[in-house]
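Quick note, the sequences are listed as chains A and B, same order. Quick note on numbering: the first sequence equals residues 1 to 365 in our numbering. Quick note on numbering: the second sequence equals residues 366 to 735 in our numbering.
Among the clues, some could well be false.
Stated by the list, open to error - Below 25 Å or equal to it, Euclidean Cα-Cα: the simulated PhoX-like pairs (lysine-lysine) are:
no., chain 1, residue 1, chain 2, residue 2
1, A, 106, B, 459
2, B, 414, A, 339
3, B, 533, B, 459
4, B, 533, A, 106
As the list claims (entries may be wrong) - Covered stretches of chain B, as calculated for chain A (at least 3 residues, CB under 8 Å):
no., region
5, 451 to 459
6, 651 to 657
7, 711 to 724
Everything labelled a hint here was simulated from the structure, so no lab data went into it. For each residue, glycine too, the CB sits at the ideal point set by N, CA and C.
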Amino acid sequence: MKYLDEYRDARIARALAAEIRRRSSRPWVLMEICGGQTHTLMRYGIDELLGDSVDLVHGPGCPVCVTPLEMIDRAINLARRPDVTLVSYGDMLRVPGSATDLFHVKAEGGDVRIVYSPTDAVNLARTLPDRKVVFFAIGFETTAPAHAMAVLHAERLGLKNFSLLVSHVLVPPAIRMLLGSPKNRVQGFIAPGHVCTVVGCRDYEDLVREFRVPIVVGGFEPVDLLEAIRMLVIQLEEGRVELENQYVRSVQYEGNRPAQEAIARVFESADRKWRGIGSISESGLFLKPAYAAYDAERIFDLADICAQEPPECISAEVLLGHKKPTDCTAFGTRCTPDKPLGAPMVSSEGACAAYYQYKRHLVTL
Amino acid sequence: MPPTINTNATSLHSDSVSADEPKDLAAFSCPVPLPARERILLGHGSGGKLSADLLQEIFLPALGNPVLDRLEDQAIVSVNGIRLAVSTDSFVVKPLFFRGGDIGSLAVHGTINDLAMGGAIPLWLSAAFILEEGLPLETLKRVVESMHQAASNAGIQIITGDTKVVEKGSADGLFINTTGIGRVRDGVSLSASQAQPGDVIIVSGYLGDHGIAILAEREGLEFETQVNSDSAALHTLVASLLEATHQVRCLRDPTRGGLSSTLNEIAASSRVGMELEETAIPVREEVRGACEMLGLDPMYVANEGKLVAIVAPSAAQDALRALQSHQLGKDAAIIGRVISDHPRMVVMRTPLGTTRIVDMLAGDQLPRIC
Numbered sequence: 001m002k003y004l005d006e007y008r009d010a011r012i013a014r015a016l017a018a019e020i021r022r023r024s025s026r027p028w029v030l031m032e033i034c035g036g037q038t039h040t041l042m043r044y045g046i047d048e049l050l051g052d053s054v055d056l057v058h059g060p061g062c063p064v065c066v067t068p069l070e071m072i073d074r075a076i077n078l079a080r081r082p083d084v085t086l087v088s089y090g091d092m093l094r095v096p097g098s099a100t101d102l103f104h105v106k107a108e109g110g111d112v113r114i115v116y117s118p119t120d121a122v123n124l125a126r127t128l129p130d131r132k133v134v135f136f137a138i139g140f141e142t143t144a145p146a147h148a149m150a151v152l153h154a155e156r157l158g159l160k161n162f163s164l165l166v167s168h169v170l171v172p173p174a175i176r177m178l179l180g181s182p183k184n185r186v187q188g189f190i191a192p193g194h195v196c197t198v199v200g201c202r203d204y205e206d207l208v209r210e211f212r213v214p215i216v217v218g219g220f221e222p223v224d225l226l227e228a229i230r231m232l233v234i235q236l237e238e239g240r241v242e243l244e245n246q247y248v249r250s251v252q253y254e255g256n257r258p259a260q261e262a263i264a265r266v267f268e269s270a271d272r273k274w275r276g277i278g279s280i281s282e283s284g285l286f287l288k289p290a291y292a293a294y295d296a297e298r299i300f301d302l303a304d305i306c307a308q309e310p311p312e313c314i315s316a317e318v319l320l321g322h323k324k325p326t327d328c329t330a331f332g333t334r335c336t337p338d339k340p341l342g343a344p345m346v347s348s349e350g351a352c353a354a355y356y357q358y359k360r361h362l363v364t365l
Numbered sequence: 366m367p368p369t370i371n372t373n374a375t376s377l378h379s380d381s382v383s384a385d386e387p388k389d390l391a392a393f394s395c396p397v398p399l400p401a402r403e404r405i406l407l408g409h410g411s412g413g414k415l416s417a418d419l420l421q422e423i424f425l426p427a428l429g430n431p432v433l434d435r436l437e438d439q440a441i442v443s444v445n446g447i448r449l450a451v452s453t454d455s456f457v458v459k460p461l462f463f464r465g466g467d468i469g470s471l472a473v474h475g476t477i478n479d480l481a482m483g484g485a486i487p488l489w490l491s492a493a494f495i496l497e498e499g500l501p502l503e504t505l506k507r508v509v510e511s512m513h514q515a516a517s518n519a520g521i522q523i524i525t526g527d528t529k530v531v532e533k534g535s536a537d538g539l540f541i542n543t544t545g546i547g548r549v550r551d552g553v554s555l556s557a558s559q560a561q562p563g564d565v566i567i568v569s570g571y572l573g574d575h576g577i578a579i580l581a582e583r584e585g586l587e588f589e590t591q592v593n594s595d596s597a598a599l600h601t602l603v604a605s606l607l608e609a610t611h612q613v614r615c616l617r618d619p620t621r622g623g624l625s626s627t628l629n630e631i632a633a634s635s636r637v638g639m640e641l642e643e644t645a646i647p648v649r650e651e652v653r654g655a656c657e658m659l660g661l662d663p664m665y666v667a668n669e670g671k672l673v674a675i676v677a678p679s680a681a682q683d684a685l686r687a688l689q690s691h692q693l694g695k696d697a698a699i700i701g702r703v704i705s706d707h708p709r710m711v712v713m714r715t716p717l718g719t720t721r722i723v724d725m726l727a728g729d730q731l732p733r734i735c
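This is chain A alone, in the form it adopts within the complex (with noise of 0.2 Å):
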């Protein structure tokens, strides 16, 4: 496939990976911030082939893993509805809330549908006038201007019967809740190359002035990881604290203006809790006043939909990078993706999820 087999080269990766093992002075403790980052490492077994060079911690990035438990209790909460028909991307249904999750409410006769794009629920809402149509709109910045066009587009349309739930979350607070933890113990990162592409590299310049760590922002495929770690391990072995962009053919420093503009027309940030993290301060997007009426939150009652997360699961150090999902007791047997314990479990771009999916041969139960 062009543009993709050659960052799946194996001569190429290999080379990297001798590279970054005859560079590396020391288990440099690395983070990917994204999912599909983890994933690929773990697909790919790019930890299997850095032996103890570096010591790669995963991060909070998969957006499905993060929803709160209330979010999902609140759109199971309006699936149940008669009048509302709930959409969502496919791997939502899957998440458990507290009791129950999508898929079995949409098995109980709930109107629950799976798209792969926001302006496919505009066009639901558009063919279904006399349904509610909810969009389920969770992810970071890089769903966030999809999310803002379908309001817009709605809005273009004259639907009174569109709305968003919005569970929106943002990478750079994130990083620097992370950073600024006693327990941090994370010496570099890869920022997340599809989360720049929205919103450029500003703030992760912000990040590597503000707390001196050095920063690269990465692809998702095996070659764009490797390279992004091996500039890591550069810099960290040179002594340097820089920004650097190893996805160049998709991230520009500025980003996406017009879909940054998008962005800031329809959402601001505020407080935002993350499932097995707890809140954190600006990490989130909500609806502005003005698209008022687009807001599921408002238009329904949910606010008392609250709900508690479990205090026994480690899904907070996994998601701060303090443990690896093979530190927890339950990792295998007690917690598996049928059965989920916490958040990390619960998506494929968890990090506990891939390690199950791709590595539990290589560990002992």
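Given chain A's structure and the hints, the job is docking chain B onto it.
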């Protein structure tokens, strides 16, 4: 304002506990998802773990007997010394017509293939139709004509049938069930429980064509090169293979759940491990591209005209040649081998030389593909 972290959980809202759930929720260590036992989910039809749960928890306890308990794609029974293979399959694919086939030809091919995987020569089929009120007669005619074509091309007859009509909304156009009877070749005994360490794993061609063709049709996806379903009757391909060697241990057609489910089933049934070479697995560029775009893995996408053969190492080349000399097996490839390490687990060697697990699908990648 400095960033804050708050992991103190708020108290559980009492409204969220319904009367029929355990009261002592604090005893749970987690948001325990409902076991998938209370209602049928779409995933129960996926051919993956949920389907297996249904078998183990509902069907086998009630209906189990030595023939059924073998859980092969077909039952093999002996009548007056003649071994007969019997298999049944229902077809609910949406859309009814797709590139490379339709529900009619699929219903014929699917059951022929289940018989063929048992080493049987297919003899007869039955066909039962569940029709939705309002279905255009023209649609039914097209489907039935396609069944006729598929059956006569395969050299078998449909000898009995049934028709039921349900109210509008109770079925999606039409569903078809076919049951087939075949005669098992003398001296042939194939089973998913016979794989042995050292055996080679062969697939008969490109994977994932059917699932992607269906998805493209249903979602209105346009690719530069359109993918056709691989729907085909495989009994003549099986005949070529079994004539070339007696060392075939097991044949399966990787339909729902794709190659990964089929291999996991064989590994579990034979209590062996498997190691695959990722670079050896044949997948068309178009299918790879579509899977990339849609976030699917070709290992889990359905096929309707491919087989997996587990063959003794000494017969590997004969088997491969026999498959490749047949039109339906010309792209056959050896993709891995059976090993004694990590029993019941299928492991893939990646192009980078590292390994990862190829797991069984928990739920569903694509709904209603067959």
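A quick look at each hint next to the structure:
1. For a cut-off of 25 Å, the pair hint linking residue 106/A to residue 459/B stands: about 19 Å separates their Cα positions.
2. Taking the CA atoms of residue 414/B and residue 339/A, the gap is about 13 Å. The hint holds against a cut of 25 Å.
3. A threshold of 25 Å between alpha carbons decides the hint, and for residue 533/B with residue 459/B the separation of about 16 Å falls inside it, so the pair holds.
4. Pair hint residue 533/B plus residue 106/A holds up; C-alpha atoms about 21 Å apart against a cutoff of 25 Å.
5. Evaluation of the coverage hint for the region 451 to 459 of chain B: breached, as 0 residues show C-beta separations to chain A shorter than 8 Å, against a requirement of three.
6. Here the region 651 to 657 of chain B counts 3 residues with a CB under 8 Å from a CB of chain A, which clears the bar of 3, and the coverage holds.
7. For the region 711 to 724 of chain B, the stated coverage by chain A is satisfied: 10 residues place a CB nearer than 8 Å to a CB of that chain, which reaches the threshold of 3.
In this structure, the one hint that does not hold is number 5.
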